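**Student:** Chain by chain, the residues:
Number of protein chains: 2
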Amino acid sequence: MAARITMDKIRVITVKQSVFANNNARASELRASLKKQGVFLINLMSSPGAGKTTLLVSLINRLKDQLAIGVMEADIDATVDAETIEAKTGVKTIQLHTAGECHLDAKMTQEGCEGIGTQGLDLLILENVGNLVCPAEFDTGAALNMAILSIPEGDDKPLKYPLMFKVCQAIVFSKIDTIQVFDFEIKKAEARILKLNPKAVFFPLSAKTGEGVEALAAYLVKQIKAYQSTK
Amino acid sequence: MAARITMDKIRVITVKQSVFANNNARASELRASLKKQGVFLINLMSSPGAGKTTLLVSLINRLKDQLAIGVMEADIDATVDAETIEAKTGVKTIQLHTAGECHLDAKMTQEGCEGIGTQGLDLLILENVGNLVCPAEFDTGAALNMAILSIPEGDDKPLKYPLMFKVCQAIVFSKIDTIQVFDFEIKKAEARILKLNPKAVFFPLSAKTGEGVEALAAYLVKQIKAYQSTK
Chain Y
583 MAARITMDKI
593 RVITVKQSVF
603 ANNNARASEL
613 RASLKKQGVF
623 LINLMSSPGA
633 GKTTLLVSLI
643 NRLKDQLAIG
653 VMEADIDATV
663 DAETIEAKTG
673 VKTIQLHTAG
683 ECHLDAKMTQ
693 EGCEGIGTQG
703 LDLLILENVG
713 NLVCPAEFDT
723 GAALNMAILS
733 IPEGDDKPLK
743 YPLMFKVCQA
753 IVFSKIDTIQ
763 VFDFEIKKAE
773 ARILKLNPKA
783 VFFPLSAKTG
793 EGVEALAAYL
803 VKQIKAYQST
813 K
Chain V
583 MAARITMDKI
593 RVITVKQSVF
603 ANNNARASEL
613 RASLKKQGVF
623 LINLMSSPGA
633 GKTTLLVSLI
643 NRLKDQLAIG
653 VMEADIDATV
663 DAETIEAKTG
673 VKTIQLHTAG
683 ECHLDAKMTQ
693 EGCEGIGTQG
703 LDLLILENVG
713 NLVCPAEFDT
723 GAALNMAILS
733 IPEGDDKPLK
743 YPLMFKVCQA
753 IVFSKIDTIQ
763 VFDFEIKKAE
773 ARILKLNPKA
783 VFFPLSAKTG
793 EGVEALAAYL
803 VKQIKAYQST
813 K
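Residue numbers (the working numbering), protein chains in the order written: chain Y, 583 to 813; chain V, 583 to 813.
It should be emphasised that the hints constitute simulated quantities derived from the structure, not laboratory data.
Fair warning: this is a prediction, and the values are worked out from it, not measured in the lab.
Hints may contain errors.
Identical copies carry no separate label here, and so any pair may be met within one copy or between two of them.
Using 25 Å as the maximum straight-line C-alpha spacing, the simulated SDA-like pairs for lysine to any residue come out as follows [claimed, not checked]:
(1) K748 x I698
(2) K777 x A660
(3) K807 x F784
(4) K770 x T760
(5) K777 x T596
(6) K770 x E665
(7) K748 x P786
(8) K769 x V662
(9) K790 x F764
(10) K618 x D647
(11) K790 x D765
(12) K790 x I768
(13) K790 x D738
(14) K617 x D765
(15) K748 x L778
Construct all of the structure, not just a fragment, from the sequences and the given hints.
**Tutor:** Structural data, given as structure tokens:
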């Protein structure tokens, strides 16, 4: 476990990648341990600025009365996202600093889990580093991989960053309140993702207006209940 | 040099990272060689979907009558960007595939330079992989590092991805035609970047409306003339 520092209210842990670890084996171990505890881990990934934190605030405020939720905010630097989540939702939040790394691996996620304390949680959300490339290559031990593609980024992104859209079961199209301003065809994006990943499910939404967030919340509650019923 | 494949009109080269190379030494060599030829290499970086390709089309069409321009489009997959550049500007364009790598290093850039053929060029633009993290760590040998931060991404990105804004001399704020729709304060973004990089210069613009593109074009012409006058 790396050093811990307390910065104002937000606890920060620096997590370091293990070069020699077998990431897949560690991810499987972490997944099995969380399953035993009934803790559903979501690995949330996207480009920088696609709206991960804004979506989490909106989603958590819809779910926190029925689920015990924790959030691990991973960043190279700063604590702005963890502060936002804690201030706007009140749920247990920790900041993970990656010491320059562009993604989280299973060992780093495990350190985060130890840092936040998973006991009693139903839902633990890892907000990965904003990056559409590298995080997709590392299994973190999550029960669900979820990606956000924002409308301003364009509907061609699945062509250029295919792995991300292959490894995620749930895909959010965010900022749909701006769809009039940008050239983004949801049907085109869906077709491109389904070619890579025929079982992908889609959630077009706007965390700003609230449109579509309820459907994602309902989907997650259903997933978590099914997961916990077989632990 | 890796294998070359011809796909329709766009030539594709797969460039592979050299694990053992001393990247800084290779970058210096490439920079010296390009300087001797008077070829000004720009390394253009941003998140996915910030508008690198759209800006290049607008910029190149303003510059191609006074400068001989080449473009190297780096992507993990697809050739959509190279096709767009070639179709909309007519300048010499090559697609570099990174074999999964999330960034270009100096060796990969050198392979790209050999692939496209730098002779007679005034300006060579490398459109790096869309990623605000990893490309910032690798000197490609460019004369100028340029980053784009798009308005929809938010003005907090320099806090979270500081290295990118440290290593770039020129920073473009793109999609400013959408500034009414998003919470982005240009003054705030500039102040955050200047803290990391006191000499940064800023170009707020919209490639869609054309606003601000002329100022960037004029800046680049000035840089290139100064560079070529001392070769």
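**Student:** Taking 25 Å as the upper bound on the Cα-Cα distance, should K777 and T596 be classified as within, between, both, or neither?
**Tutor:** between (38 Å within a copy, 23 Å between copies)
**Student:** Is the C-alpha distance from K790 to D738 at most 25 Å within one copy, between copies, in both cases, or in neither?
**Tutor:** both (24 Å within a copy, 17 Å between copies)
**Student:** Within a copy, between copies, both or neither: which one fits K618 and D647 at a CA-CA cutoff of 25 Å?
**Tutor:** within (23 Å within a copy, 66 Å between copies)
**Student:** Between the shortest in-copy and the shortest cross-copy C-alpha distance, which are at most 25 Å for K790 and I768: within, between, both, or neither?
**Tutor:** The answer is both: 18 Å in one copy and 21 Å across copies each meet 25 Å.
**Student:** For the identical chains here, do K790 and D765 meet the 25 Å Cα criterion within one copy, between copies, both, or neither?
**Tutor:** Cα proximity of K790 and D765: in one copy and across copies (20 Å, 11 Å).
**Student:** Classify it for me, K770 with E665: is the Cα-Cα distance of at most 25 Å met within a copy, between copies, both or neither?
**Tutor:** The answer is between: 19 Å across copies meets 25 Å, while 36 Å in one copy does not.
**Student:** Check K617 against D765 for me: Cα-Cα at most 25 Å, and say if that holds within a copy, between copies, both or neither.
**Tutor:** For K617 and D765, the Cα distance exceeds 25 Å both inside one copy (41 Å) and across copies (39 Å).
**Student:** 25 Å Cα cut-off: does K770 pair with T760 within a copy, between copies, both or neither?
**Tutor:** both (17 Å within a copy, 23 Å between copies)
**Student:** For K807 and F784, with the copy left unspecified, which applies at a CA distance of at most 25 Å: within, between, both, or neither?
**Tutor:** within (20 Å within a copy, 50 Å between copies)
**Student:** Within a copy, between copies, both or neither: where do K748 and I698 come within 25 Å Cα-Cα?
**Tutor:** neither (29 Å within a copy, 32 Å between copies)
**Student:** At most 25 Å between C-alpha atoms: does K769 with V662 qualify within a copy, between copies, both, or neither?
**Tutor:** between (34 Å within a copy, 18 Å between copies)
**Student:** Are the CA atoms of K748 and L778 at most 25 Å apart within a copy, between copies, both, or neither?
**Tutor:** Intra 5 Å, inter 36 Å, cutoff 25 Å: intra-copy only.
This entry does not satisfy hints 1, 14, going by the numbered hints stated previously.
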